[in-house]
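K.L.:
Okay, here's what each chain looks like letter by letter:
Protein chains: 2
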Amino acid sequence: MRTNLPAAEALRLILEAVAPLPPETAASADALGRVLAEPVVSGRTLPPADVSAMDGYAVRAADVAGAGAARPVELPVDFEVAAGDRDGRALAPGAAARIFTGAAVPPGADTVVRQEDTEAVGSHVRIRVAAPRGEHVRPAGEDVRAGERVLEAGSRLGPGALGLLASIGRSVVAVRQRPRVAILSGGDELVEPDGDPDGGRIVSSNSYSIAAQCREAGAEPLYLGIARDAPEDLEQRMRGGLASHVLVSSAGVSVGDRDYVRAVLEKLGCEIVFWGVRVKPGFPLVFARFGAGSRGPLVFGLPGNPVSAMVTFEEFVRPALRKLAGHRVWFRPRVEAVLGEPLRKAIGRLHLVRVRLERSGGSIVATPTGSQSSGVLRSMALAQGLLVFPAGADALPAGAAVSVQVLDDDFLAAADPGL
Amino acid sequence: MRTNLPAAEALRLILEAVAPLPPETAASADALGRVLAEPVVSGRTLPPADVSAMDGYAVRAADVAGAGAARPVELPVDFEVAAGDRDGRALAPGAAARIFTGAAVPPGADTVVRQEDTEAVGSHVRIRVAAPRGEHVRPAGEDVRAGERVLEAGSRLGPGALGLLASIGRSVVAVRQRPRVAILSGGDELVEPDGDPDGGRIVSSNSYSIAAQCREAGAEPLYLGIARDAPEDLEQRMRGGLASHVLVSSAGVSVGDRDYVRAVLEKLGCEIVFWGVRVKPGFPLVFARFGAGSRGPLVFGLPGNPVSAMVTFEEFVRPALRKLAGHRVWFRPRVEAVLGEPLRKAIGRLHLVRVRLERSGGSIVATPTGSQSSGVLRSMALAQGLLVFPAGADALPAGAAVSVQVLDDDFLAAADPGL
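Chains as they are written, first to last, in numbering that gives the first Met the number 0: chain A, 0 to 418; chain B, 0 to 418.
If you're looking for bench data, these hints aren't it; they were derived computationally from the structure.
Careful: at least some of the hints might be erroneous.
All copies of an identical chain are treated as equivalent in the list; a pair is satisfied when it fits inside any one copy or across any two copies.
Stated by the list, open to error - For lysine to any residue, the following SDA-like pairs were computed, each having C-alpha atoms within a straight-line distance of at most 20 Å:
1) 322 x 409
2) 322 x 414
3) 322 x 415
4) 322 x 417
5) 266 x 341
6) 344 x 52
7) 322 x 230
8) 344 x 361
9) 266 x 52
10) 322 x 411
11) 344 x 133
12) 344 x 368
Isolated chain A, as found in the complex (with noise of 0.2 Å):
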């Protein structure tokens, strides 16, 4: 067990021990979001026949090629093809075919003369333009081609990709399995949100803070409710999570005399990989495996204060949330920015600083949201990013450039679409 780790080692040991989960098939109306666990081959041609992409008339370019506003051309309509239609009729020389958007353009026709370049004239038709061959015409195929790899293994499948899988009639998908978090909270001081705090006890907020930054992560969590301070509680509750991929407990993990869960978590037969990380908030964060080969979950032992339960998630839990549902990108967007006012601490940890983020001028400005103390959760409930204060320094004045990690996408949004 390594103990006192630089955050950036914390977080290596920890990626080092993820790898995607196996895959599952997959609804594939049901698999936004997800990422492929394999490519997916069409076994359709799209389009499936040369069609037309316009409503118009399908005729021979070379019979419309004279034409011109001041001479048109006049062909009689033989017949009308809408799209679906499935009869196959030739068009003869000379002749022209009504046709509509995502209609086969008929054998015989190698062109679409589109409806505003003509004039109806009882059964006839008068063409005004000259249209080259292919005019207007989606070749077979242009899309897809049966036997095309149409999307790669690792792809997250988005509005776009679930569309495609319809279209080539792809009603399940291979995806990599979403995480499995079980989520427990610990203390005798905690009680459940309809419980009574009065006398000192304090709401298990912890647990429904991280089941919410489970399922922004993509994750899926179970919450195995509150242990109470003593082993044999702490033990059956995570016994209860332990076919899940990933325990994440906010129960004590720090000294003192009522700290149970290394004892319980050893007893279980999980390997502890290492206690103490050199961050602030978040130190006492524990991070644990079950051996090479086994089929116990990870283990994350959280601080018990409220914010920074919700650092150390963010921070260590979430990036291996991602990479087990087989993600490529694991991190938040970073910005860089001006810090808004003066900040201090001791060389030694690296500090998450909550901050708030507004754009001035062409800068972001970064500031601090209020009190930094660990258990003061409204400093999160505002943050809009977690500015990092690097183990190293122990001053950054006003106006100093920071790098800003950004929790809140709508920081991002444009106010604009730019059209």
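For chain A, the structure is supplied; the task is to place chain B on it using the hints.
P.N.:
Just chain B now, kept in the frame of chain A:
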């Protein structure tokens, strides 16, 4: 009814017609991502009492004023206070109480010495440091005071806000309703993905991509199926969507003989605000609304082509859904990029070009994703952004500075968290 509008004007008319939906009461635990309709005022003070921020010993600062490593002060340990203890026993002068993180500081004590700075000696504790008053004590109300406004109306509920709601015992909150979006496809050529796509029929993929776009925008899709090219069927299905907040059709809205959408909309009492936007893909966009004070939905008639449907949703429907849901920002992030290959078009319509994005040195290179035909869904599945090619321009050389709306959140993720 207006027609042939510039894209920005069409968007302006849409957003002008949209107001945030009324509130509903939701369970806090299910409210992730929702927008608060009212401010939240705490009914509780947090922490409810002065509590210890560390494991250690509660003492009077005066009793340890002279302590140092060479001259430790030894005090009897009279009792122990754990988090959640309610007895309120007072500390006598000249004594210490064992205390744990989160426990109420006993009356009479005014500071906490952390365990690391002490040594237990039988029933006594040897204290090696002086401690100013209030050290390692979180004062009552440091986080929240009863009666204080802790979250503002219009806030998006993220994990920190949900933890805060739990901590103050708010199990339900007033949030804006989520937009319900009825989705209709139309066309005799369409089949469901499990249908027979033989002979030129194509799968109705739009309903799948649009449903996913709705979910990503935080709206609830409702799929009304495929309307046949007959006014009666279209009208009947549209009536099924009238109780939704938004009706999105990707049935025909072009100039073709078989396009009944506008006629049916008018029959249902809907006022067509505009038809036709100078944008490609997506010219035939229709936007309609029921009369002021009516409870009918906003109606978007999207082009039937898969890419046109997705792009018009992105540009015109998504901002409306975000505004309906109460969000303060409605648009995608934008980045400035360098064009990877030259682009040409006619002057007059704004083009939205599907591009891949790649970081190269300090800049971002935007490269079109192959064919920009509006039938080629694969170009949309692979697109990470939409490049805005302005209406008034006809050429953009390779290397030109361009503005790109970012569709792929992963592109903005950092490769490294900066720890």
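K.L.:
Work down the list of hints and note, for each, if the structure agrees.
P.N.:
Against the structure, the hints come out as follows:
Taking CA atoms no more than 20 Å apart as the test, residue 322 paired with residue 409 passes between copies only; the shortest distance there is 13 Å, against 24 Å inside one copy. Taking identical chains as interchangeable, the C-alpha atoms of residue 322 and residue 414 lie at most 20 Å apart only when they sit on different chains, with a minimum of 13 Å there against 32 Å within one chain. Proximity of residue 322 and residue 415 under a CA criterion of 20 Å is satisfied inter-copy only: 13 Å between copies versus 33 Å inside one chain copy. For a Cα distance limit of 20 Å, the shortest separation of residue 322 from residue 417 across copies, 18 Å, qualifies, whereas the shortest one inside one copy, 34 Å, does not.
Within a single copy, residue 266 and residue 341 get their C-alpha atoms no closer than 46 Å, and across copies no closer than 65 Å, so neither meets the 20 Å cut-off. Only between protomers do residue 344 and residue 52 lie at most 20 Å apart by alpha-carbon distance; the minimum there is 18 Å, versus 65 Å within a single protomer. For the identical chains of this complex, residue 322 and residue 230 are neighbours neither inside a copy (32 Å) nor across copies (50 Å), given an alpha-carbon limit of 20 Å. Taking CA atoms no more than 20 Å apart as the test, residue 344 paired with residue 361 passes in neither setting, with 29 Å inside one copy and 32 Å between copies.
Proximity of residue 266 and residue 52 under a CA criterion of 20 Å is satisfied in neither setting, with 68 Å inside one chain copy and 29 Å between copies. Taking the shortest Cα distances, residue 322 and residue 411 sit within 20 Å of each other only across copies (17 Å), while inside one copy they are farther apart (23 Å). Proximity of residue 344 and residue 133 under a CA criterion of 20 Å is satisfied inter-copy only: 19 Å between copies versus 70 Å inside one chain copy. Proximity of residue 344 to residue 368 under the C-alpha cut-off of 20 Å is restricted to the intra-copy arrangement: shortest distance 16 Å within a copy versus 49 Å between copies.
Hint compliance for this structure: hints 5, 7, 8, 9 are broken, all remaining hints hold.
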